[in-house]
Amino acid sequence: MAQDFLEIAALTDVGKVRQFNEDSIGIDAETGTVLVADGMGGHRAGEVASRMASDLIMAELHEAVSGLGNETGMIAALHAANQAIKRANRAVFAASQTQAAYKGMGTTLALALFHNNKVVLAHVGDSRIYRLRGNALQLLTRDDSMLRDQVDLGFIRAEDAGESHNRNLITRALGIAEAVKPHLTDDSALPGDIYLLCSDGLTDIVEERDIELILSALRSNLPLACFHLVQTAKDNGGYDNVSAILVRVRERFPAARRWGFLRWLRGLFT
Amino acid sequence: MAKLVLSVGGAVVHQCFVDKLRLTIGRDAVNQIVIDDPTVGREHAAILEIGNDHIVEDLGSAAGTFVNGARVVRHILKHGDTMGFGTHALRYLNPKAEESELDRTMLIRALPKVPDKPSQPTGTEAADATINTARPMKGHLPSGRVKVLAGARAGAQIELDRVVATLGTPGGHLAVITRRPQGYFVTHVEGDRYPQVNGEALDAEPHALRSGDMIEVGDEKIEFLQD
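Heads up: the protein sequence lines correspond to chains S and U, in order. Just so we're aligned: 769 in our numbering is position 227 of the first sequence, and the numbers increase by one with no gaps anywhere. Just so we're aligned: 203 in our numbering is position 200 of the second sequence, and the numbers increase by one with no gaps anywhere.
Bound conformation, chain U alone:
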């Protein structure tokens, strides 16, 4: 169960579990978390439980609600987040939310008031359909670039800062450089000849690149460089 720890000047003054669907924070005694500070509103903020999430919401306070130093209106709390209310800090602790067990798909009742509309015809729905559900990626990715020495793009320098980048020409000879945690790889995509690395032709398998490798794809000659 998630826990809240209230402290001022580094000294813990109160702690409690988040055991309600909604609890409030403020100066008044009616709040579940009472903060004795004149800059804190009578009913300053609330923490709501929505599924596995706890969301802190500012209730229109004059001084504002801060999470890790940034002012927020609504914020999904993460394990270790520190909310600031005047001179007080309120830390949110929920190590369970970090565990991958939460990734196991489970069924839950839909939130009320969501219209049970069927998917709409193409085009009308799509504009608002996209939400970024992908979690922020953890882990380190390498940093590299290619210099095009010959071919239509000769002279160009291309940063390899995306998951894939293509070399050569679509419809002609095409290869792809993939950026992975363990490094960069080049793979044949299309064309009647496989790409060459340092004069050696590849096969259909991905080939690990080393800084300084010379790649040939069709009539494009490319130098690969990695930090």
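Pulled out of the complex, with its shape left as it was, chain S reads as follows:
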């Protein structure tokens, strides 16, 4: 059971300007899966898109990951994440095609699936995944955004990016076309590591050095760290919905150990 080796804290907040919260979060402590989705679209359709994507992906991964059992290696887990995201994409897109109110809706995604001492990371759009190891915060995803492209092409300097008006322009989203290509990778999850999944309502308004400081100072109290991240975003203006999920790796979690635990559990009843 994932709750043995992971500690999870999460918070989503409407912010101080918006009327509705179009972010959705998903947490499955049993399989060690978490996600943040930031919806877009008019008339609350963004809420529908992010909720739909979140629910579909979480449900499918719950099945798939429970079925992984003692499977070592990461290919099966990566494949499961990819499948779930693509299926959710088709469903959100189909819904947007059948109802006028949902036309053009879509969502970003940041997903982490902890398995076999590693973590599968998936993302689409400008929701991000960071890792705090020791006291150093590292960004593990590359935004699908106009701003990121501008910097990579050398149009503007990385340190000037905060001045840009393009932070809201994303170049990829889930649910806006028949197919989506998520970014998938895996990362070694070491005991003590803290993973942060967040919507751009946090990173557009709180500097990375402040996120790093909050996480390293409050690492022993994840709910408080989560609260402070969201509070800082709101203190800085809270222009957007803000969501943050923190996952701490408590101990090693080899796939075989989980299997061993189940076998041991079964042994008690036979």
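Hint data in this document are derived by calculation from the structure and do not stem from the laboratory. It is possible that part of the hints are untrue.
Beyond 12 Å from chain U on every Cβ pair, some chain S residues (computed) [claimed, not checked]:
| # | residue |
| --- | --- |
| 1 | D597 |
| 2 | I617 |
| 3 | R629 |
| 4 | A643 |
| 5 | E720 |
| 6 | R794 |
List time: in silico EDC-like cross-link candidates among lysine to aspartate or glutamate, alpha-carbon distance up to 20 Å [said to hold, decoys possible]:
| # | chain 1 | residue 1 | chain 2 | residue 2 |
| --- | --- | --- | --- | --- |
| 7 | U | K81 | S | D702 |
| 8 | S | K558 | S | E589 |
| 9 | U | K150 | U | E162 |
| 10 | U | K224 | U | D195 |
| 11 | U | K6 | U | D22 |
| 12 | U | K81 | S | E720 |
| 13 | U | K81 | U | D40 |
| 14 | U | K81 | U | D164 |
| 15 | S | K776 | U | E208 |
| 16 | U | K150 | U | E208 |
| 17 | S | K776 | S | E749 |
| 18 | U | K6 | S | E705 |
| 19 | S | K645 | S | E701 |
| 20 | U | K224 | U | E193 |
| 21 | S | K628 | S | E605 |
| 22 | U | K81 | S | E589 |
| 23 | S | K723 | S | E750 |
| 24 | S | K628 | S | D702 |
| 25 | U | K6 | U | E52 |
| 26 | U | K99 | S | E749 |
| 27 | S | K776 | U | D164 |
Where is the CB? At the ideal position from N, CA and C, for every residue including glycine.
Starting from the known structure of chain S, arrange chain U on it as the hints suggest.
Here is chain U on its own, set in the frame of chain S:
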């Protein structure tokens, strides 16, 4: 739509909308904005539209392009920026860019030539991954400090100039002071006893601090001071 206002010595000589993906500024008549000044280059600078941004780029001019008095090579224009070309001032006006409506997430086609690479394995990508997308913060934050009177750090004075600062010892008794626009707050983080302020134990909630408050966290005694 963004607007440009050209003036010399405070008198407006020309104004136009930024209605092209690229417009140029210079002495030659071929430019969209012509500046009759011998120190200005034939084709001196260009303004490009990239998404919601207008970026001014110096085209290798001898005299240079200035924005609000500072020489720039490329600069993202903000509402009210004044570009200097010789004796002329070119003001950029785009009040819409200030509105929060722009914060609504929208989908746009990726810029061409950006490699569609997947996220790379950890470690290789991260070094160049960090860009400062956080907008500059507006608003006022208080200024305060703590003096450690007893404990391992006794005698130390710590400026509270960051978003959080910890008191006590990680793994033992730990509290955090948060800096917010409305003031400083102290909150319990870990340990089997709550911190005390002026002899009164806190609960799990944040507690607003006043200058002169005495805080105890484990065996650390701290005086809080605010300007």
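Structure-based check of all given hints:
Remark: the non-interface label on D597(S) is consistent with the geometry, its nearest Cβ contact in chain U lying 20 Å away (cut-off 12 Å). Here I617(S) stays apart from chain U, with its beta-carbon at least about 14 Å from theirs, past the 12 Å limit. Annotated as non-interface, R629(S) keeps its C-beta farther than 12 Å from every C-beta of chain U; the closest such distance is 20 Å. For A643(S), the non-interface assignment is confirmed: its Cβ lies about 17 Å from the closest Cβ of chain U, beyond the 12 Å cut-off.
The Cβ of E720(S) sits about 15 Å from the closest Cβ of chain U, beyond the 12 Å cut-off, so the non-interface label holds. Consistency note on R794(S): stated as away from chain U, and its beta-carbon is indeed over 12 Å from all of that chain's, at 17 Å minimum. Our distance criterion of 20 Å between C-alpha atoms is met by K81(U) and D702(S), whose separation comes to about 12 Å. A distance of roughly 17 Å separates the Cα atoms of K558(S) and E589(S); the hinted pair therefore holds under the 20 Å criterion.
Under the criterion of a C-alpha separation no larger than 20 Å, the hint pairing K150(U) with E162(U) is consistent with the structure, at around 9 Å. For the given pair, K224(U) sits about 17 Å from D195(U) by alpha-carbon distance, which is consistent with the 20 Å threshold. Restraint check: the Cα-Cα separation between K6(U) and D22(U) comes to about 9 Å, which is no more than 20 Å; the hinted pair holds. Proximity of K81(U) to E720(S) is assessed by CA-CA distance (about 37 Å); at most 20 Å being required, the pair is judged violated.
Under the criterion of a C-alpha separation no larger than 20 Å, the hint pairing K81(U) with D40(U) is inconsistent with the structure, at around 25 Å. Distance check on the hinted pair: K81(U) and D164(U) sit about 28 Å apart at the alpha-carbon level, beyond 20 Å; violated. Between the alpha carbons of K776(S) and E208(U) the distance comes to roughly 18 Å, so the proposed pair stays at or under 20 Å and holds. Distance hint between K150(U) and E208(U) is unfulfilled; the C-alpha atoms sit about 23 Å from each other, more than 20 Å.
Note on K776(S) and E749(S): the hinted pairing holds, with a Cα-Cα distance of about 13 Å set against a maximum of 20 Å. As the CA atoms of K6(U) and E705(S) are separated by approximately 19 Å, the hinted pair is consistent with the 20 Å bound. Distance hint between K645(S) and E701(S) is unfulfilled; the C-alpha atoms sit about 36 Å from each other, more than 20 Å. With a CA separation close to 17 Å, the supplied pair K224(U) and E193(U) stays within the 20 Å bound.
For the suggested pair K628(S) and E605(S), the alpha carbons sit about 16 Å apart, so the restraint of at most 20 Å is met. Our distance criterion of 20 Å between C-alpha atoms is broken by K81(U) and E589(S), whose separation comes to about 32 Å. Under the criterion of a C-alpha separation no larger than 20 Å, the hint pairing K723(S) with E750(S) is inconsistent with the structure, at around 27 Å. For a cut-off of 20 Å, the pair hint linking K628(S) to D702(S) is broken: about 35 Å separates their Cα positions.
For the hint linking K6(U) to E52(U), the alpha-carbon distance of about 13 Å falls within 20 Å, and the restraint holds. The suggested pairing of K99(U) with E749(S) is violated, with an alpha-carbon distance near 25 Å, which exceeds 20 Å. Annotation: proposed proximity of K776(S) to D164(U) holds, straight-line Cα distance about 18 Å (limit 20 Å).
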